[in-house]
Structures are given as structure tokens and as C-alpha cells.
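The primary structure of each chain is shown beneath.
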Amino acid sequence: MDINYVPTICPYCGCGCGIHLVVKDSIIIGVEPWKEHPVNEGANCPKGKNAFHYLYGDGRLTKPLIKENGTFKEASWEKALGLIVEKLKKTDSNSVGFINSGRITNEDLYVIQKFARCVMKTNNLDNASRFCHSTTVPALVSTVGSGVMSTSELSVERADCIFLAGSNIKENYPLLARRVLRAREKGAKVIVMDPRRTLTTRTLADIHLQLNPGTDTALVNAMMKTILDEGLEDREFIEKRTSGFEELKNYLASLDMNDLEGITGVSADSIKEAARIYAKAETGCILYNAGIAQHFAGVENIRALADLAMLTGNYGRPGTGVNPLRGHINGEGFGDMGPVPVFYPGFKPVNEESAKLFEDYWGVEGLPSTPGKTYMDMVEKCSVLYVDGANPMVSAPDTNSVRKMLEDKELLVVQDIFMTDTAELADIVLPAASWVEKDGTVTEVDRRVQRIGKVIDPPGEAKPDWKVICELADLTGMGEKFNFNSPEEIFEEIRKTVPQYAGITYERLKKAGGIQWPCPKEDHPGTDTMFMEKFATPDGLGHFQVVEYKQPAEIPDKEYPYVFSNGRLIFHYHSGTMTRRTERLKSEINKAIVEINDEDAREKGIKAGDAIILKSRRGEIEAIARPTDNIVKGVVFMPWHFSESSPNVLTGPSAGPPSKMPEFKFCAVKMEVKG
Amino acid sequence: MKGDMYLTRSSDDAIFERSEYGGAVTALLKFALESKMVDAVLAVKARDGNRYDGIPVLITDPEAVIETAGSLHCVSPNITRSLKEYLNGAFDMKIAVVCKPCDARGIIELVKRTQINMDNLILIGLNCTGTLPSATAKQMFHEEFEVDPADVVREDLEEGKLTITLKDGTEKQKDLDDLEQKGYGRRENCRRCDINIPTMADIACGKWGTDGKKATFIEVCSERGADSIDKAIEAGYIKVEKPDSGAIESRKKRDEEEVLLAKKWQERDFASLKEMSTEEKFHYWFGQFSRCIKCYGCRDACPICYCKDCILEADRGIVAPGEIPPDIMFPMIRSVHVMDSCVNCGQCQDACPMDLPLARLIFMLNRELADIFKNEPGMDVNAPIPLKSVTDEELAVTGVELQF
Chain B
0 MDINYVPTIC PYCGCGCGIH LVVKDSIIIG VEPWKEHPVN EGANCPKGKN AFHYLYGDGR
60 LTKPLIKENG TFKEASWEKA LGLIVEKLKK TDSNSVGFIN SGRITNEDLY VIQKFARCVM
120 KTNNLDNASR FCHSTTVPAL VSTVGSGVMS TSELSVERAD CIFLAGSNIK ENYPLLARRV
180 LRAREKGAKV IVMDPRRTLT TRTLADIHLQ LNPGTDTALV NAMMKTILDE GLEDREFIEK
240 RTSGFEELKN YLASLDMNDL EGITGVSADS IKEAARIYAK AETGCILYNA GIAQHFAGVE
300 NIRALADLAM LTGNYGRPGT GVNPLRGHIN GEGFGDMGPV PVFYPGFKPV NEESAKLFED
360 YWGVEGLPST PGKTYMDMVE KCSVLYVDGA NPMVSAPDTN SVRKMLEDKE LLVVQDIFMT
420 DTAELADIVL PAASWVEKDG TVTEVDRRVQ RIGKVIDPPG EAKPDWKVIC ELADLTGMGE
480 KFNFNSPEEI FEEIRKTVPQ YAGITYERLK KAGGIQWPCP KEDHPGTDTM FMEKFATPDG
540 LGHFQVVEYK QPAEIPDKEY PYVFSNGRLI FHYHSGTMTR RTERLKSEIN KAIVEINDED
600 AREKGIKAGD AIILKSRRGE IEAIARPTDN IVKGVVFMPW HFSESSPNVL TGPSAGPPSK
660 MPEFKFCAVK MEVKG
Chain E
0 MKGDMYLTRS SDDAIFERSE YGGAVTALLK FALESKMVDA VLAVKARDGN RYDGIPVLIT
60 DPEAVIETAG SLHCVSPNIT RSLKEYLNGA FDMKIAVVCK PCDARGIIEL VKRTQINMDN
120 LILIGLNCTG TLPSATAKQM FHEEFEVDPA DVVREDLEEG KLTITLKDGT EKQKDLDDLE
180 QKGYGRRENC RRCDINIPTM ADIACGKWGT DGKKATFIEV CSERGADSID KAIEAGYIKV
240 EKPDSGAIES RKKRDEEEVL LAKKWQERDF ASLKEMSTEE KFHYWFGQFS RCIKCYGCRD
300 ACPICYCKDC ILEADRGIVA PGEIPPDIMF PMIRSVHVMD SCVNCGQCQD ACPMDLPLAR
360 LIFMLNRELA DIFKNEPGMD VNAPIPLKSV TDEELAVTGV ELQF
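Residue numbers (numbering that gives the first Met the number 0), protein chains in the order written: chain B, 0 to 674; chain E, 0 to 403.
Please keep in mind that the hints were generated in silico from the structure rather than gathered at the bench.
All of these numbers come straight from a predicted model, not from anything done at the bench.
Idealized CB from N, CA, C, for every residue including glycine.
You may find that some hints are simply not true.
Now the stretches of chain B that chain E is said to cover, found in silico as 3 or more residues with beta-carbon under 8 Å [stated by the list, open to error]:
{"#": "1", "region": "18–32"}
{"#": "2", "region": "39–48"}
{"#": "3", "region": "394–400"}
{"#": "4", "region": "473–486"}
Short derived list, chain E residues pointing at chain B, Cβ under 7 Å [unchecked claim]:
{"#": "5", "residue": "Cys294"}
{"#": "6", "residue": "Asp314"}
{"#": "7", "residue": "Gly316"}
{"#": "8", "residue": "Asp349"}
Just chain B, with the same shape it has in the complex (with noise of 0.2 Å):
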């Protein structure tokens, strides 16, 4: 009997904590917790605490699997591979689009961006980032030079204010909430911005800025406005370190705040109250995420948040910044590495200049140096389409022009650990390993990478990603550009390519709680606060941004009377594959509920537990009706974790570039009890 206490990651989210799995003749048996980390000091969520129960799941992939008539017949590696090849090598670069994941190992995500662009010379790479930060990369790179978070979880709870806006942390990063209650224990005081009274305003808010959704660039701005009226700014931090103030200055003297009471639905005296608790605070520290980006105007907002923590001097020490909070174990990861339309790995945007770069690097010729299409563009656009890790048919807006456009691709391919939605309208179905059955590394919120290593074998002929794409570089000819034979040679290339992890190796990440970016040699330590000296734009100042509110795109009328946002539940990741099987996590929730404003309810008749029908022009789901006082009239909202009740069905428009993001938090729907 061999009995293994071995340290990794929790495969969840992105605050990264650790946990010791039991491990018992080759077989995980027990999570226990890992004292020495760092993020998490060995306590754990209930999705940590149950962590490795989805590897054994029902129905796991370990057979490659191809559509024939209708069903599909298990194949072997050979054939699947052989027939994806032949489609791509009469596939011409604008056709194919690889949408790839913030669950699968930095390893995986370098080859696979590799692939797409020495193989098929393709920019079309994108992820579900898209979905959450694709206005926060615009919104601080035009700002502070760099859309990371600029502090380290554990410097969190040196704030004295934390703003907390869109953002529910007691939910979605508990162990970061753990944080922001140690700073509120010292007295730091808390303001939390959400129009949802979540369970993070319950426990944690001081002061609660409940406004209408969709108004956090007014309210924001007001908060500005204030500031400056009662001369609360930081004037040695904009001088030295900021540019664009007047212009900033101007255009806030031309707002009126009873415009912005209005827009806001907050009291001019609630926001000035939280404008000036953020403004005389000594570490100021705005924690942001969905809430914020995922809107319209999800740049605009952030570029708010932005000027608020410049104008107050709050970045560049430890506990301060405007932070956002990627959501997947490895949502940093997947913006450092590069498979997205406009960044080679390391940040070097798509153009001639990085696209010879890499040429050198790779030494190959005629990589594509204009950038790529985005998730949703190539989902309606490319008619050979590689998901890797990601469920569009879920996470992805509008779910029934997705259905159809899937449906219509010349060639699907999914590479997924389960059965998903998305993986059942494919032609050919890849079976990944998952986690701890390859060894790799990722990062985390904040720019901590990690390792992850091997456990178990992946089931049946399941594969690391990384290899599949070895093996199909193997078969397009390019296999000497892919000649890896383990994860850490793949990263000794990413040390090579990737300025910001060049001074992390496996061996150095043997440490609890790995390296933070970044770390340009091997004896630096790592950087845990950004932006100290400098920012980093080209001049490294900071620059103010002049922001304007502007509405959500698709206001209720009359026909779509509500509000609809959806959100996350502390008991369920994302798409639900694995969490829905996870016993303990099913037996706490596992059904699709909707919020309702109790007035509202009462006014349709609409009881606790009535099955109620929400209809938008997209759509229509199901969901069990939870009236409440938690959130306005107005507004309902839903969990998307439950694919049967799938809110995307109903949610729809998106902002142009830069971002293209879906306004996943604010579209019009109507709802009735089910007949």
C-alpha cells in the first residue's frame, strides 16, 4: 500500500491555492490542506475542498471519436488525425480558427498558438477571455501600459479601502475575499459597487453603491468629479507620474452630479461618501471584474477605474491598483503566451516587426502579421473550427445562431476531457487529459505561475493537449518545429520567448506559491507589486483617459421589460462540466434558479419555486423562480452554470472593437410563469 501526500494547484479558479492530494495505489483518494501555501494557507473553497471528483466523472473522453451519419464511432488517434490533416492542408489561413482555453497549461497554449501561425499562418487564434477581459486589455493598456493585476493576492489585505466593483468575491475568489476581510479586521473600510445585493455587499460592504446596471463609468465619474471639487487628489502622483490630467479635469468640471445622481440611481451624498473614503485612503485598492467588463462600455468603465486609482495616487505599491480578476486557472496564462488575434506570446502585438521576431525565433518563414479574427468572428466566420478546452455552445453569446453556425462548419473539431455541448455538434471529437494527469504549469490572478504535476495517467487514450498538436505538426511536416518530448522543454521556449518568464524554470516553481512575473533572471525573485517606478507605456507615465457614459446596447422597452444579467454561484464553475459531477457541489445546487426583484414578482404573480419562462429576441429558457430584496425592480438574474437553462440563449449584442465583447451582464428579456 503506497499512500502519497502530494502538493498541486486547485483546478478552479484563479486565485491559485494549494492543496495536497491523497493518493493511494495510483488513485486519488482525499483532499487535504496544504499549509504551506502562500495564496491559501491551507483552507480551501468548496470547489477546492472537492477538487479531483470530476477526473473520475461519468463519461470521461478516452477514445478519439468520429461523426459518421449522425452518431459517433470511436476511432483511433491515427485515423482522427489523419482526416483533421487533410481537411487543413486544403484549408487556406483565413478559413480556420483555433478557439483555445484558460483550463489547459501554458505548454498547451504556446504549441498551440504555434501551430496556428508556423502551420496554417493564421492569426486566428482567440479564448474565452474574450469574454471576460477583452476590455480590460484595451482599457489599462491605454491607460498604465498593462492590463494585469498590479498587486499580489496576499498584499490585498494591506488596503485600507478595497473597491470592490463588479465584482463577487465571496463567491467566485473566496480565498481573495479571505483577504479583504483580514484588511477589514485592521479597519480598512470596504465599498462594494454592484447593482445586486450579492453575497459579497452582505458580508463585506461598508458602503453599497447599488446603482443601475450598466451606469458604473457615471457613477465612477462622479466619484472623480468629487474628488476633485473638494481637492482630495494625489498632486505629486499626477504630476510625476501621469499625463492628460487638465483635459481629465475639464471634462469632469462639466458634469453635473444631479445628471449623475440620475443615470446612477445613487445618492450624490453615497457616492461622495465612497469618493472620499478611496480618496484619503493611504493604500487605495479597486478589485474589479464581470461586473465591470462585461458590458458595452466595459473599456470605458475600466478606463474609469483606471483614472480614479491614478488620480488618487493608488498604483505601484503593494496593495494598491486596479486589479482584475481573471477567472480560470490559468487566465493570465492565456493572454502571456499569445494564442489571441493580436499579441504574439509575451505581449508583442501582431505586425511585421514581432511576425520577423518569431520567424527568427522559430525559425520558420512567412508568419502572418496581421492580426487575426476573434472568438465570436471566427465561430460565424471560419469554416474549419479547433475548440480546444472551451464550451462556446455555453459560454458563448446567443446560443442559437452559435448552434447554427457550428453546425454549419465544413469541419468542427473538440478537444475536451467530457461530452460538452459544444463537443456533441462535432465531427471529430479528441479526448484530453485533464490537470494533474500531464504536468504543466499556469497562472494565476495575480501573474503567479505555477506547476502542476503529474499524478495519474489520463484515462483510456486521452492525450495532453500539447502532444496532440505535436503529433499533427508531426503529420503536417513541421514535426521539427514541435519537437518536444516533455512540458519543460516546451517551457525552456517560452523562458526564450516570453521576456516576462525568462527567469523562471521547473526548478525554481518547486517553490509553494511559484514566481511571480515578472522575473527577467534567474535570481530575481519575482515581482509581486507592479508599475513601482514606473508604468508601462512607452513614456512610463500613466494616462488619464477621458471617459463617457454611455448605455448598455440593448435598453428594455416595452415588449422586454427587465434587465437580465447572469453571473456565478460559489458552489459551480463555469460551464458546469465539472462541477455537475462533483457529488457534493450537485447536492448543494444543481438546478438553474432566477433572481426576481419580490415587488416584481408579486406584480406577476410569480411565487418561490414557480417555473418561470424568460424570453429575449434570441430565445427562450427555463428557470426556477427565487424571489428577493437582493436585488432592484427591474432587474433578474441567473447563474450560467446549468447548460439546460442557459442564459446566453437569451443574452446577445456585442461592442465593437477593440474588445468585441458580449454585454453578457445587461440585455432586455420578459418572463412569465410557465403555463
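Here the structure of chain B is known, so what remains is to put chain E in place on it, guided by the hints.
For chain E alone, coordinates are given in the frame of chain B:
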């Protein structure tokens, strides 16, 4: 026999050299395996030599025992849970378990509940005045001692001081109380723990009473312990001599001093909670528990919690599923079910993601019950579980007035 005391050392020079004191524990474990007295040894090892990642290990190879020699103060793995949950409570194999007082006491409570098979165990107890929380200890070494935690090769807690030895041989020392006032130092439950010598185990081993000698002081605490020692001496694994009365006295005195300090911490930990009015208590504790996110970490970690079909599970219908925070009955039921037997191991509080003072509450309640029932949990497998046992005297009670 029970009560005997020895100053011991390993007869094997390699073990003796490698050990911090006499190497007797290592020698005894090796003996237990080689003589087939046990099938395996359950001990704590620094994983890959990392002094901050202590994991339970099941050793069957006698040559591997030496890798667990030496004390690790910056780890606190849940040995009791490991034995109960992953080793089938020693029902399938004979195991020698290296245990601190809290580990041994947790095991004894589980034996009472038929979850662990005492017949298959030899409990090798280790004296303990506390361990440090792993992640915070590293921070403490950085900030207070100004050393790289990776350079620490030994820690010692003695007479109110924390002394560390570095790779290059240098030593650094700080006042433990100073550190603990700053939020560093030992785990909260360790500070207030007043059971330092594991007399509830089969033997109790430690450094008190060695007074500068490179030896291990062993007190025999049971007949099984006596038997193991006798056999080990006979087989030539350990050498023993009788400690003089001065040594025995100094050991007793050290223990008494630490017990006094522990009791002071108990007072400190519980004072503000006990002073609250009933209304304040409701407000405080309901407020604390409103932070709970239903991770079940406390329930999983607790040695006293053993039900395979726990009443708090979402599908049992007692606590409404899917609610955060869970209904107040969740922490209430847990407290009531375990408080008569809490051994102050602190694993629940270590596991809580919302920093709830769980061990503080449940152990505080336990102290009241221990006083009422005159029962110290985890000391004697034959002592009844207070809230689950009915004595003849209690059965004979009539009327409504009860006198304790």
C-alpha cells in the same frame, strides 16, 4: 513497566549521529518494523526536505525510518485524520504511530467511537509545546529573523524562546512571547494547550530531563509500551540508563512551567468571549458564522467528527442546501456534537477559509464540560463520552433538580 523512566540512546551510531537527541524514537520504529511488531510506521516527513511541508508518511521499509528523524516545528499535518480516513483506522494492519499529545488524544477519542483499532496500534508519543503555522512561519523568518526560510535546518522551542539554526551553523533566537504578540509564533491552539507530555500514548519521548545530554528521555505509559521498550533493549536497538532524581525533577518542573503559561493563554483567549452578555454572544457568534462558506473544512479536519453519513451534508435535509452562509444550525450542530470531546488540536481553525475562531469556541465550551463531567478528553479509552453516555447514577435521577 508503566511509570518507568529511561534516558535512552540508539545503539546504532548512524542513527545517533543523525538525531537531534538520543535517536531512540527512530531506533524504536526501526525495531518495530524489523521485528514485525508492526506492519508499518505512520510518521511525519518533510516532503523533499522542505521543513514547511510536513506530510504523513506510511513507512514499511526500516531503512526509510531515518528520513523522518528530527523534529519539525513548522508543520502540523492531521495525523489522526490520516489514520482514520486513509489507513482504515488500523483495522487492516498493525501501525506504530508517531504522535504529539493532540494526535494521540484524537486517536483515543476515535477508538472510543470504534473508528480506530487500538489493538493494532503502538503510539510513540512525542513531547510538544507547540508547532508553528507553515506559511506564517516562513513570513516570520523573513521579517523578524531576517533569514531565508530555506536556510533554517532546525527550530527549538525552549523556556520562552524560539531558537533557529541555519545551514551555516549560526543560531538566531527571539522571545516567543514577543513574536506571539505580533501575530507570529505558535498556532493559537498550541499556545493554550496544557498537555505537553503524551502520557496517554504507550511511551512519551522528549528532551526534558536530558539536561544537556545527547539522549532521549522516555517515560513508559502503558504495558504495551513497557513491552516494546523491553524487547527493543533486549534486541540491542537502544541503550538505557536510569535518570537521576534531578533529571526527573527538572522534567516535571519544565512541564509545570509550560502548563502555567498555557493556562494563562487559555484565560487570554477566552476572557473577552466569556465576559460578553448573552445578547452580545449571540450577536458576536452569529456575526462570525455569517462568514461561513460551507466548505466543510472544519468537519473534515476534526478528529471527533467521524460519521460516514454526516447530518450536515446537503442531501440530509437538516441544513438547507445551496445556502451561503449555511443556516446557523450548521456550526451549532457541529459544536454540540464534538464539544464534549474536543482535544484542542486546532485543525478546524487551520482549515477555515474565513478565519473563524472555531477551535477557540469549541475548546472553550469543552473546558466548561470537562469541569462539569470531570473528564479530560483523549486520555483514557475506557472513559465514557460525556454527552453520549448515561451513567447508572444519571439513570436513577428523578425529579427536575440536578446537582453536579
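Each hint tested on the structure:
Counting residues of the region 18–32 of chain B whose CB falls under 8 Å from any CB of chain E gives 7; the rule of at least 3 is met. For the region 39–48 of chain B, the stated coverage by chain E holds: 9 residues have a C-beta nearer than 8 Å to a C-beta of that chain, and at least 3 were required. Judged by the Cβ-Cβ criterion of 8 Å, the region 394–400 of chain B is not covered by chain E as claimed, because only 0 of its residues qualify and three are needed. Beta-carbon proximity to chain E at under 8 Å applies to 0 residues in the region 473–486 of chain B; the threshold of 3 is not reached and the given coverage is violated.
Contact between E:Cys294 and chain B, as hinted, is supported at the beta carbon level, the nearest pair being about 5 Å apart and thus within 7 Å. Given the 7 Å rule on beta carbons, the hint for E:Asp314 holds: about 4 Å separates it from the nearest Cβ of chain B. The restraint placing E:Gly316 at the interface with chain B is violated, with a minimum CB-CB distance near 11 Å, outside the 7 Å limit. Given hint, E:Asp349 at the interface with chain B, holds; its Cβ is 5 Å from that chain's nearest Cβ, closer than 7 Å.
Of the hints listed earlier, those the structure fails to meet are numbers 3, 4, 7, in rising order.
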